[in-house]
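Residue numbers (the numbering used here), protein chains in the order written: chain A, 1 to 115; chain B, 1001 to 1116.
Cβ pair distances, simulated, as ranges: (1) B:E1044 - A:T20: 16 to 26 Å; (2) A:P108 - B:V1014: 26 to 36 Å; (3) A:D59 - B:G1043: 20 to 30 Å; (4) B:R1063 - A:T15: 39 to 49 Å; (5) B:K1016 - A:L113: 33 to 43 Å; (6) A:K71 - B:Q1002: 20 to 30 Å; (7) B:E1059 - A:T13: 35 to 45 Å; (8) A:L88 - B:L1048: 18 to 28 Å; (9) A:E1 - B:R1063: 22 to 32 Å.
Calculated lysine-lysine pairs in the DSSO-like style (CA-CA distance at most 27 Å, straight line): (10) B:K1003 - A:K65; (11) A:K57 - B:K1003; (12) A:K57 - B:K1038.
Non-contacting residues of chain A with respect to chain B, defined by C-beta distances greater than 12 Å in every case (computed): (13) T15; (14) N26; (15) E53; (16) Y64; (17) E79.
I should point out that these hints are in silico values taken from the structure, not numbers from a laboratory. Ideal Cβ positions, reconstructed from N, Cα and C, are used throughout, including at glycine.
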Amino acid sequence: EAQVTQNPRYLITVTGKKLTVTCSQNMNHEYMSWYRQDPGLGLRQIYYSMNVEVTDKGDVPEGYKVSRKEKRNFPLILESPSPNQTSLYFCASSLWGGVPQETQYFGPGTRLLVL
Amino acid sequence: AQKVTQAQTEISVVEKEDVTLDCVYETRDTTYYLFWYKQPPSGELVFLIRRNSFDEQNEISGRYSWNFQKSTSSFNFTITASQVVDSAVYFCALSEGGDNTDKLIFGTGTRLQVFP
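Just chain B, same shape as in the assembly (with noise of 0.2 Å):
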């Protein structure tokens, strides 16, 4: 069955330092993709990234970095030198192939707290 676990609740840490939040899914398809949503405190929420299950490549966006390893099942999301504006629930997310095309999967979420 399809899962996504988030299994840091929350975590707390100080502006500069660098911090990673884990996700791991389960998946029975070999197509699948995996997202990033960001939700700040004003509570909408914002598309970080999309990652096919084809691409295992590390990619980069500024200070935000995700690193995909298909043999742990795993999407975890990095974000160097942290700042009180990255404080906020992340969201990890699967889509499938087949005949769960029509949802996303959601991890239920981690908080960041980042303090000045």
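Excised from the complex, chain A in its bound form (with noise of 0.2 Å):
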């Protein structure tokens, strides 16, 4: 089935704990993305990657860092986590990158608490 997967599902965390999510899609999507949604403010964009070796920036990347060593995986590291972090967490991938016609598709979502 083809799906991009995260995990973990649910993560409670301290303040300062570095963590890491997984996200690995099993399309041979060139482009991976990190996305996170808040109340009120819908989804934003943390981080994406064009392909292997290619991240960049989106709308929200401090406090976030994530690397693209091979296609089919894309984690999202928080070397320090603070509250203010606290979110729900979304991976997506779609065929290619900077074609916008391209349908991305999500993974089902991380929910992290930061205390």
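Got two chains here, separate frames each, mind docking them using the hints?
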């Protein structure tokens, strides 16, 4: 089944404790992206990747890191989480980057609470 | 600047009523794409439709229909004979060409509650 998977689905952590949220897709998509969803703000892009070893900042990159060592994986790293990073996180992928008509398919979401 | 506005924060209807979710967008591009996604209570985002800026034909898919009007920069979504399973948050999103091809710009979402 074609899908985007994220792990963990739920995470409670404390301020300053490094964490990684994994994202994997099995559709051989070139483009992957991370969004966060906050009440009243919709979804905002954190980072995106056009292909392996190519990543770039989105609208709200502060406090996050990403890597793209393999085509299928795009982990989101919070080196020192803070309470304002409490949010619902979505990973997405599409066949190509730089092509506005490509539909992005989303993972199930990761709900993060930082105490 | 690019922007998507969903002015309706929450809508409540009774089953079998028709309901329209509004979406107004701003863009300077002549080529752009509009999307609707559904987020049910389980939380995932489900793709519903994609429409390009050159195709103003309305689209119907079962009980769902979309009305795209460039003159008013709107891409409204209507559910006919709503059902309880339609209860969800619905997001409208915009994708542009040029320097902004690499992200979807989302509205803030409309929460639809359908009561039995």
